[in-house]
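**Q** For reference, the chains in residue letters:
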Amino acid sequence: KAGVTQTPRYLIKTRGQQVTLSCSPISGHRSVSWYQQTPGQGLQFLFEYFSETQRNKGNFPGRFSGRQFSNSRSEMNVSTLELGDSALYLCASSLVRRGRSGANVLTFGAGSRLTVL
Amino acid sequence: QKEVEQNSGPLSVPEGAIASLNCTYSDRGSQSFFWYRQYSGKSPELIMFIYSNGDKEDGRFTAQLNKASQYVSLLIRDSQPSDSATYLCAVREGSGGGADGLTFGKGTHLIIQP
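If you read the sequences in order, they're chains A and B.
To convert, note that position 28 of the first sequence is 28 in my numbering; the numbers rise steadily by one, no gaps.
To convert, note that position 31 of the second sequence is 148 in my numbering; the numbers rise steadily by one, no gaps.
What the hints contain is simulated information worked out from the structure, not anything from laboratory work.
Given the structure is predicted, the values throughout are model-derived calculations rather than measurements.
No incorrect hints appear here.
Cβ-Cβ distance ranges computed for the label pairs, FRET-style: (1) A:T38 x B:S199: 24 to 30 Å; (2) A:F60 x B:A185: 30 to 36 Å; (3) B:S169 x A:Q18: 43 to 49 Å; (4) A:T80 x B:G133: 51 to 57 Å; (5) A:F69 x B:Y156: 30 to 36 Å; (6) A:F69 x B:D175: 33 to 39 Å; (7) A:R63 x B:R194: 43 to 49 Å.
Built from N, CA and C at the ideal position, the CB exists for glycine as well.
Starting from the given sequences, assemble the full structure and let the hints guide the process.
**A** Have a look at this one:
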């Protein structure tokens, strides 16, 4: 069973540019979440999508946006890049369950490492 | 502001000993608690989750939850050098099917000394 696939794995951009990252969840997983990981702040929640709808959003500026397609694949976009956006962007998918039996466990992809110069 | 606190370490433990990792959280409404392991340069992988007070065991790993004290811990028995990694504690407000994102601690760097 294929895991969570993120592309591209590495990319370098300059300030002011925009970037789009892609995530393909595990087959059958309909929930996709995005996280930003930096050495200083650790892992921070960006947003979560389920059935093409954003259900929750973390405390990030509007430059960070995302969407989910009907096949559950998701993209996130960062516009007007800043140096501080350099980070590892992690996508995670989960099989949303009712009740506590599954506790909505996240499986992470390998990440997209963004460097902003 | 939900916060999850972990000692950053490094925590150095001799091979074969018990490694004890601790985590406290600020949101009393938290319902689900997770421990992830992250090797350098890799993405986090789930070790186990817990949502009821008490202990939950899975092989060499035991998670302990005390909601009254807002405290979660992870014990690793018979520590192996391959356990050397950063351990991330994560908390969610919902019990399972909710949309809440996970709030992560910054992780404890564990070193198992051969």
